[in-house]
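**Q** Following the hints, put chain R in place on chain Y, whose structure we already have.
2 protein chains.
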Amino acid sequence: MKKRLFTPGPTPVPENVMLRMAEPIIHHRNPEFREILERVHENLRYLFQTTRPAVVLSASGTGGMEAAITSCFRKGDKLITVNGGKFGERWGKLARTFTGNCVEETVEWGKAIQPERIVELLRKHPDARGVCLTHSETSTGTATDIRAISALVHEHSDALILVDGITAVGAHEFRFDDWGVDICITGSQKGLMMPPGLALVTVSERAQDIIEQNDAPQFYLSLKKALDSHEKNDTPFTPAVSLVIGLDESLRMIREEGLTNVWRRHERLAAACREGCEALGMQLFSDSPSFAVTTVWLPENVDWDAFNASLKHNNGITVAAGQDEYKGRIFRISHLGYYDELDMLTVIGGIERSLKEVGYEFEAGTGVAALQRALLET
Amino acid sequence: MKKRLFTPGPTPVPENVMLRMAEPIIHHRNPEFREILERVHENLRYLFQTTRPAVVLSASGTGGMEAAITSCFRKGDKLITVNGGKFGERWGKLARTFTGNCVEETVEWGKAIQPERIVELLRKHPDARGVCLTHSETSTGTATDIRAISALVHEHSDALILVDGITAVGAHEFRFDDWGVDICITGSQKGLMMPPGLALVTVSERAQDIIEQNDAPQFYLSLKKALDSHEKNDTPFTPAVSLVIGLDESLRMIREEGLTNVWRRHERLAAACREGCEALGMQLFSDSPSFAVTTVWLPENVDWDAFNASLKHNNGITVAAGQDEYKGRIFRISHLGYYDELDMLTVIGGIERSLKEVGYEFEAGTGVAALQRALLET
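From first to last, the protein sequence lines stand for chains Y and R.
What the first sequence shows, in this note's numbering, is residues 468 to 845, in sequence order.
What the second sequence shows, in this note's numbering, is residues 468 to 845, in sequence order.
Incorrect hints may have been included.
Identical chains blur together in the list; that is why a pair holds if it fits in one copy or across any two.
As the list claims (entries may be wrong) - Pairs of lysine-lysine, BS3-like flavour, derived with a Cα cap of 25 Å: (1) K692 to K542; (2) K823 to K591; (3) K591 to K578; (4) K699 to K560; (5) K691 to K553; (6) K542 to K691; (7) K823 to K794; (8) K691 to K560.
Just so you know, these hints were derived from the structure itself, not from any lab.
Only chain Y is shown next, with the shape it has when bound in the complex (with noise of 0.2 Å):
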């Protein structure tokens, strides 16, 4: 049976992608490494939307979350968090673990924080030395606006800004110079349509400053050491060089794409999952949905347990499950990535299949058909 991913990462990753991965290998400190991380920091400017560097860390978007704290703080330094779900909560557990000083702002799961709630807690603590935030959180399907936030915090605050872009980045409109990001942080997994074990990182100067003067114990997980390697086009350990070269592949792809293409495709291919999954009568469980994962409220009298085995078995199709008091209650679907208009068509089409099996009532081709009218008339 022909098996289709949409899952939040890993994504599917293009054939092309792959193949380039499957080239022999060849060693890091050579000049034609560096000629193509040369070209994979040049094109994760363009990405990120900066003139500053952007680095690339062999580990999981966790790690690029851990090198952000661990580089820009020390023990003490008070951090706002704000967690509406998994990786929010995810921040939070990072700051309490290496300043130990978090103020957590809880959200619930499927609204983004209000931009003016920020100024009030910035207000209550103005000792803050950081904002972190989640573009897009993946547990809920939920964009949060950072452009606005990010406004707001320059006019109240010195705080540094850590934005975890991890599914937004390549599927969200961002800009890390013009919105006055300080770190970003994306995974290779998401937008960017590779298998997962790359982080990349963008710091802005003000960031570069702190980091410079930052005297907390890290090592392995270095800005510091990494921007400084980044200068002269390498990495302060030995990379994860195939998955570099694959990143090379798939930033020649986006960038022959056009990043605001990419954008537009992604914001598409969400308006239109929306609608199908409306059209088959099921909520969605987001105020302010993301563009990389539709969440969606699983109808009633519809077991997941029976209806993802359908959709597995029967169909091929991987969505993810709801997390945490969520289980079983939502399911996600992924539009992050390596997807286009077809695909949408496939996994409504899939889903339609599933809730039939499971014996959920309603017409046959109501979502797909929705599907249809809002790509095609829009």
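**A** Just chain R, lined up with the frame of chain Y:
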């Protein structure tokens, strides 16, 4: 021109491993991936010769070393490190960064520390909590007698024994359980014949007890988290899925060949490579040569840049240069991982060709003949 890599990491990746990694990506929380990870865990225990867990970190070998230090120790813990090259030096840097209390024993490059010297150090520092060793020092091609040192440490101290086995595991005999090692780290791009990007770490029972109690700040590289997930054949963070799948294949190959055969192959390749080099009038650099990499002095009057350019551009061969003060004076030939006896003929043959090209005087065929004798008559 055909390209041939003779560097001690990255090392060549077998075609079947590359093909496995080029298969469509799967999700890391799927039963299919868990099955792969279970098999990887099982085969890593075989590789390390242990019944203890061996965890997979998505990081380079240095990330594995940092994981060991930050998981086992806390600020102030005294560590003895042995610095006989770039990687022994790294233990010292990590110890100073994270515990701030490091007794660094410097050993001349190319020499191995004498086991008795460790006893003296332990007598002088009875409060040492750990001894950090390098099994095969890649920068000098020197092997250290881990078995003997480990036995002596156990006799004289309760200090944990941490072994950087990054270029040793899969090349040198190594028996984690029998030798009483507490932590051993290896990397994917070494004896495991994989691209870089994974660190593999095994942990003794007494090390795990210490890890469970340790409250030193750590997150992404936490062995506690990794061990907790290991029990469920899971990883705490998204693993580098394609690399884990490749590792499954390369471990299968090692198991098929048989570990003692793999060790014996490396020992034979190393011995033959040394014979070939010496027959060409090149002196061995190390008193205690590693089976992973052979380091030799460049003959007098041979210019490194010219010789290396000829190797690379005219013969397609990449060897490793000397590092630090030995740059341009020594070079290193890897036989670590996916190499066989005919590969040794290729590298010594290529070296002969390039030595001729740069005007070094010797009788053509001397090196390859000596190599053949060593291989066929022993």
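**Q** Would you mind marking each hint as holding or not holding in the structure?
**A** Going down the list of hints, with the structure as the test:
1. K692 to K542: both (20 Å within a copy, 22 Å between copies)
2. K823 to K591: Neither: 52 Å inside a copy, 75 Å across copies.
3. K591 to K578: Intra 22 Å, inter 60 Å, cutoff 25 Å: intra-copy only.
4. K699 to K560: between (34 Å within a copy, 22 Å between copies)
5. K691 to K553: between (28 Å within a copy, 20 Å between copies)
6. K542 to K691: both (17 Å within a copy, 22 Å between copies)
7. K823 to K794: For K823 and K794, the Cα distance is within 25 Å only inside one copy (21 Å; across copies 69 Å).
8. K691 to K560: Cα proximity of K691 and K560: in one copy and across copies (22 Å, 15 Å).
Hint 2 alone, counting from the list given before, is not met by this structure.
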